[in-house]
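Just need the whole structure built from these sequences, with the hints factored in.
In this text, residue positions in the sequence shown follow my numbering: the first is 1, and each later residue adds one.
Don't take each hint at face value.
[Said to hold, decoys possible] List of simulated lysine to any residue pairs, SDA-like, C-alpha gap at most 25 Å: (1) K45 / A71; (2) K45 / A70; (3) K45 / R72.
[Claimed, not checked] DEER-style ranges, computed between Cβ atoms: (4) A114 / T304: 37 to 43 Å; (5) G187 / A239: 29 to 35 Å; (6) F43 / R220: 33 to 39 Å; (7) A175 / V106: 20 to 26 Å; (8) M1 / A175: 29 to 35 Å; (9) E275 / K45: 28 to 34 Å; (10) G257 / T101: 21 to 27 Å; (11) D240 / V305: 33 to 39 Å.
Derived by calculation from the structure, the hints in this document are not laboratory data.
Just so it is clear, CB atoms sit at the ideal spot from N, CA and C, and this is done for glycine as well.
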Amino acid sequence: MSRRLTVLMPFHTPFYAPLAAGVALGHFADADLDVTAVPAPVFGKATMPALLDGDIQISLGGLMRSFDLAARTGRIVVHFAEVCSRNGFFLLGRAPRPDFTWRDLVGRTVISFAEAPTPWQCMLTVLRRNGIDPERVRIERELPAPEAIAAFRAGHGDFLEQPQPAIERLIADGAGHLVASMGEATGSVPFTSYMTTPEFLEREPEIMLRFTRAVYRTQRWLAAHGAPEIAKTIASAFADTEPALLERAVARYLAQGTWARDPLLRREGYHYLEEILLAGGFITRRQRYEDLVDTAFARRVIDTVSLAG
Numbered sequence: 001m002s003r004r005l006t007v008l009m010p011f012h013t014p015f016y017a018p019l020a021a022g023v024a025l026g027h028f029a030d031a032d033l034d035v036t037a038v039p040a041p042v043f044g045k046a047t048m049p050a051l052l053d054g055d056i057q058i059s060l061g062g063l064m065r066s067f068d069l070a071a072r073t074g075r076i077v078v079h080f081a082e083v084c085s086r087n088g089f090f091l092l093g094r095a096p097r098p099d100f101t102w103r104d105l106v107g108r109t110v111i112s113f114a115e116a117p118t119p120w121q122c123m124l125t126v127l128r129r130n131g132i133d134p135e136r137v138r139i140e141r142e143l144p145a146p147e148a149i150a151a152f153r154a155g156h157g158d159f160l161e162q163p164q165p166a167i168e169r170l171i172a173d174g175a176g177h178l179v180a181s182m183g184e185a186t187g188s189v190p191f192t193s194y195m196t197t198p199e200f201l202e203r204e205p206e207i208m209l210r211f212t213r214a215v216y217r218t219q220r221w222l223a224a225h226g227a228p229e230i231a232k233t234i235a236s237a238f239a240d241t242e243p244a245l246l247e248r249a250v251a252r253y254l255a256q257g258t259w260a261r262d263p264l265l266r267r268e269g270y271h272y273l274e275e276i277l278l279a280g281g282f283i284t285r286r287q288r289y290e291d292l293v294d295t296a297f298a299r300r301v302i303d304t305v306s307l308a309g
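Here it is as structure tokens:
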């Protein structure tokens with residue numbers, strides 16, 4: 001009998017195609033896992049409360065959530081498989097800017113993504129790296145995504161930062177023009193990973209191994225296929241997105257190497273993200289890599305495939 005697992009998606013986006021593809025391709029089912037992907041909130045709860053209360057077993061999410069939880073409460077949520085190795089957000093302007101530079105943001109208003117702090121923190125790092133004091137850019141983070149998009153369409157702000165598929169829809173409507181990929185600007189970073197509680201990790205090691213094996217199988221499939229095949233595979237999970245638009249969103253994510261090719265969340269990426277969060281003031285102290293990351297399952301499935309190959 002399949003083991004049922006509820007996996008949370010912080011928000012609905014093809015950025016999380018690896019989860020949707022794993023379900024659609026039957027990779028989790030082949031591992032005898034009945035995986036249901038659910039959007040946040042769960043029973044009115046945000047990601048961390050839902051995990052800690054046992055309403056879900058696994059969640060997609062950024063390391064920043066575990067940094068914040070550990071600093072505030074001393075409690076730990078463990079990241080065990082990397083999913084997205086790039087920032088999945090894009091920057092739109094009101095007019096084409098073929099010669100865009102980050103100095104174009106000085107004195108302007110950027111409507112950022114309010115639902116998570118990591119995109120904003122990465123933006124601060126990109127600005128500083130390009131010699132720009134973030135204080136010279138007005139970054140607004142008050143509006144939830146639907147309201148932010150509506151405000152931009154209505155003429156508020158100069159730039160808008162969002163994930164897919166909102167970006168492709170705005171471009172198709174002529175309401176925005178792509179000026180920058182935040183994934184390319186930020187560089188390789190463990191932006192999103194699968195996480196769970198230490199208690200679930202210790203109580204269900206066989207389940208965790210099977211889940212991670214299915215994750216790696218999906219990662220290898222994604223690496224071997226193009227945007228048309230991936231978009232068709234995940235289409236049922238994004239029925240509200242036109243097929244052509246979904247394919248363009250997937251193609252853009254593929255072009256920048258968004259999705260991890262294996263589940264190992266490496267130390268150097270962890271420390272890069274930690275530096276981003278420290279520099280942006282989201283965290284004030286470091287956390288041990290070994291406390292927030294468990295690589296045992298990832299290493300085991302990678303080694304198994306290597307030996308089989």
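Hint-by-hint comparison with the structure:
A distance of roughly 20 Å separates the Cα atoms of K45 and A71; the hinted pair therefore holds under the 25 Å criterion. Restraint check for K45 and A70: satisfied, since their Cα atoms lie roughly 19 Å apart, inside the 25 Å limit. Distance restraint check for K45 and R72: the Cα-Cα separation of roughly 18 Å lies within the 25 Å cut-off, and the hinted pair is therefore satisfied. Restraint check, A114 to T304: a C-beta distance of roughly 41 Å satisfies the suggested window 37 to 43 Å.
In this structure, G187 and A239 meet the distance hint of 29 to 35 Å, their C-beta atoms being roughly 33 Å apart. With their beta carbons about 35 Å apart, F43 and R220 fall inside the hinted range of 33 to 39 Å. The hinted range of 20 to 26 Å is satisfied by A175 and V106, whose Cβ atoms lie roughly 23 Å apart. For the hinted restraint 29 to 35 Å between M1 and A175, the CB-CB distance of approximately 49 Å leaves it violated.
Against the hinted window of 28 to 34 Å, the Cβ-Cβ separation of E275 and K45 comes to about 30 Å, which satisfies the hint. At roughly 23 Å, the beta carbons of G257 and T101 sit within the given window of 21 to 27 Å. D240 and V305 have their C-beta atoms about 35 Å apart, which keeps the hinted 33 to 39 Å range intact.
The earlier numbered hint that this structure contradicts is number 8, and it is the only one.
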